[in-house]
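> Taking the hints into account, I'd like the entire structure generated from these sequences.
Note that the protein sequences, when read in sequence, are chains A and B. Our numbering numbers the first residue of the first sequence as 2 and each following residue consecutively. Our numbering numbers the first residue of the second sequence as 74 and each following residue consecutively.
One or more hints might be untrue.
[Said to hold, decoys possible] Only pairs whose alpha carbons sit at most 25 Å apart, straight line, appear in this in silico PhoX-like list of lysine-lysine:
| # | chain 1 | residue 1 | chain 2 | residue 2 |
| --- | --- | --- | --- | --- |
| 1 | A | Lys117 | A | Lys78 |
| 2 | B | Lys116 | B | Lys80 |
| 3 | B | Lys148 | A | Lys118 |
| 4 | B | Lys80 | B | Lys149 |
| 5 | B | Lys80 | B | Lys148 |
| 6 | A | Lys117 | A | Lys29 |
| 7 | A | Lys117 | A | Lys32 |
| 8 | A | Lys118 | A | Lys32 |
| 9 | A | Lys118 | A | Lys78 |
| 10 | A | Lys29 | B | Lys116 |
| 11 | A | Lys29 | A | Lys78 |
| 12 | B | Lys116 | A | Lys33 |
| 13 | B | Lys116 | A | Lys32 |
| 14 | B | Lys116 | A | Lys117 |
| 15 | A | Lys85 | A | Lys117 |
[Said to hold, decoys possible] Beyond 10 Å from chain B on every Cβ pair, some chain A residues (computed):
| # | residue |
| --- | --- |
| 16 | Asp11 |
| 17 | Ile46 |
| 18 | Asn115 |
| 19 | Glu122 |
| 20 | Thr138 |
[Claimed, not checked] So the derived label-pair ranges between C-beta atoms look like this:
| # | chain 1 | residue 1 | chain 2 | residue 2 | range |
| --- | --- | --- | --- | --- | --- |
| 21 | B | Asp81 | A | Pro70 | 23 to 29 Å |
| 22 | A | Lys85 | B | Arg185 | 40 to 46 Å |
| 23 | A | Ile6 | B | Glu92 | 41 to 47 Å |
| 24 | A | Ile6 | B | Gly162 | 22 to 28 Å |
| 25 | A | Asp39 | B | Gly162 | 15 to 21 Å |
| 26 | B | Asp81 | A | Ile6 | 19 to 25 Å |
| 27 | A | Phe140 | B | Lys116 | 16 to 22 Å |
| 28 | A | Val34 | B | Glu98 | 25 to 31 Å |
| 29 | A | Asp65 | B | Ser96 | 26 to 32 Å |
| 30 | B | Asp110 | A | Glu124 | 24 to 30 Å |
| 31 | A | Thr134 | B | Phe114 | 36 to 42 Å |
If you're looking for bench data, these hints aren't it; they were derived computationally from the structure. For every residue, glycine included, the Cβ atom is placed at its ideal position computed from N, Cα and C.
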Amino acid sequence: MSQTISFHYDVPGDDFTRAGEASGSVKKALKKVGLAPDIIRNVAIAMYEGEINMVIHAGGGQIDVDIDPDAVRMVLKDQGPGIKDISLAMQEGWSTAPDDVRSLGFGAGMGLPNMKKYTDEMEIESTVGVGTTVTMTVFTHPREEAVS
Amino acid sequence: MTIQDIKDILQANVLWAGEGVLSQEVHTACGSDMMSDVLAFVKDQAVLLTGLVNPQVIRTAEMMDIICIVFVRGKKPDSAMIELAEERGIALLSCDQRMFTACGLLYENGLRGGREEK
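In structure tokens, the structure reads:
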């Protein structure tokens, strides 16, 4: 792979059952590209957590993914309520998700910390009342390097 | 242990399984109703036991490379969920045991919890 492959997704905010469609589609694309399974899983989990967050907290949003030989870059942008205190949101177990979200199996306050854990770089820009943009990078560590 | 062994040990019903999946070897499993925790604490587990029934269970398994989901407490997914699993080649089983008993039976027969991510 020598070129950058780009994907754009509009994530609907009103349908929890469809959350994860974009992440599943990126996972499929990464398998086709032939990246190592560990890298693919890291990207898939981080993006899926972000996608779920978008649906739970922000009424949906947009995701752009660029896959190039060195890295997979994901930009998740929403026009939701924004995050008041990012350092608090990064703490494991801290969540503002309502109880009905917890009954769906999410909202344990692990989303953002988990996204950081599975990616090499993560930045959050958020303005209350305007929205949030999360940028994540996972380096692909091409196999040639690993072999040599 | 194979997926077939899991089916036998738990006296589970197979709701869907692709060709050859039942004979597939698995060594580790996890049990949780919180998909948040599955995503945060699980690595290399091939089987998920859960009492949660919604499409995000299938999607979580998809992201984690889990090949078999066992629904405990007699829970059964709807046809849309079965279809979602089928498209992703994820086997679906349902058993009547509660979570603790189902996990205990599988552990007793050699299935382990595996290691934590990173």
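> Hints first: check each against the structure and report whether it holds.
Hint-by-hint comparison with the structure:
no.: 1; hint: Lys117(A) to Lys78(A); result: 16 Å, holds
no.: 2; hint: Lys116(B) to Lys80(B); result: 23 Å, holds
no.: 3; hint: Lys148(B) to Lys118(A); result: 32 Å, violated
no.: 4; hint: Lys80(B) to Lys149(B); result: 15 Å, holds
no.: 5; hint: Lys80(B) to Lys148(B); result: 15 Å, holds
no.: 6; hint: Lys117(A) to Lys29(A); result: 22 Å, holds
no.: 7; hint: Lys117(A) to Lys32(A); result: 22 Å, holds
no.: 8; hint: Lys118(A) to Lys32(A); result: 21 Å, holds
no.: 9; hint: Lys118(A) to Lys78(A); result: 20 Å, holds
no.: 10; hint: Lys29(A) to Lys116(B); result: 19 Å, holds
no.: 11; hint: Lys29(A) to Lys78(A); result: 22 Å, holds
no.: 12; hint: Lys116(B) to Lys33(A); result: 22 Å, holds
no.: 13; hint: Lys116(B) to Lys32(A); result: 18 Å, holds
no.: 14; hint: Lys116(B) to Lys117(A); result: 16 Å, holds
no.: 15; hint: Lys85(A) to Lys117(A); result: 18 Å, holds
no.: 16; hint: Asp11; result: 18 Å, holds
no.: 17; hint: Ile46; result: 5 Å, violated
no.: 18; hint: Asn115; result: 5 Å, violated
no.: 19; hint: Glu122; result: 15 Å, holds
no.: 20; hint: Thr138; result: 17 Å, holds
no.: 21; hint: Asp81(B) to Pro70(A): 23 to 29 Å; result: 47 Å, violated
no.: 22; hint: Lys85(A) to Arg185(B): 40 to 46 Å; result: 42 Å, holds
no.: 23; hint: Ile6(A) to Glu92(B): 41 to 47 Å; result: 31 Å, violated
no.: 24; hint: Ile6(A) to Gly162(B): 22 to 28 Å; result: 24 Å, holds
no.: 25; hint: Asp39(A) to Gly162(B): 15 to 21 Å; result: 19 Å, holds
no.: 26; hint: Asp81(B) to Ile6(A): 19 to 25 Å; result: 44 Å, violated
no.: 27; hint: Phe140(A) to Lys116(B): 16 to 22 Å; result: 19 Å, holds
no.: 28; hint: Val34(A) to Glu98(B): 25 to 31 Å; result: 28 Å, holds
no.: 29; hint: Asp65(A) to Ser96(B): 26 to 32 Å; result: 41 Å, violated
no.: 30; hint: Asp110(B) to Glu124(A): 24 to 30 Å; result: 25 Å, holds
no.: 31; hint: Thr134(A) to Phe114(B): 36 to 42 Å; result: 27 Å, violated
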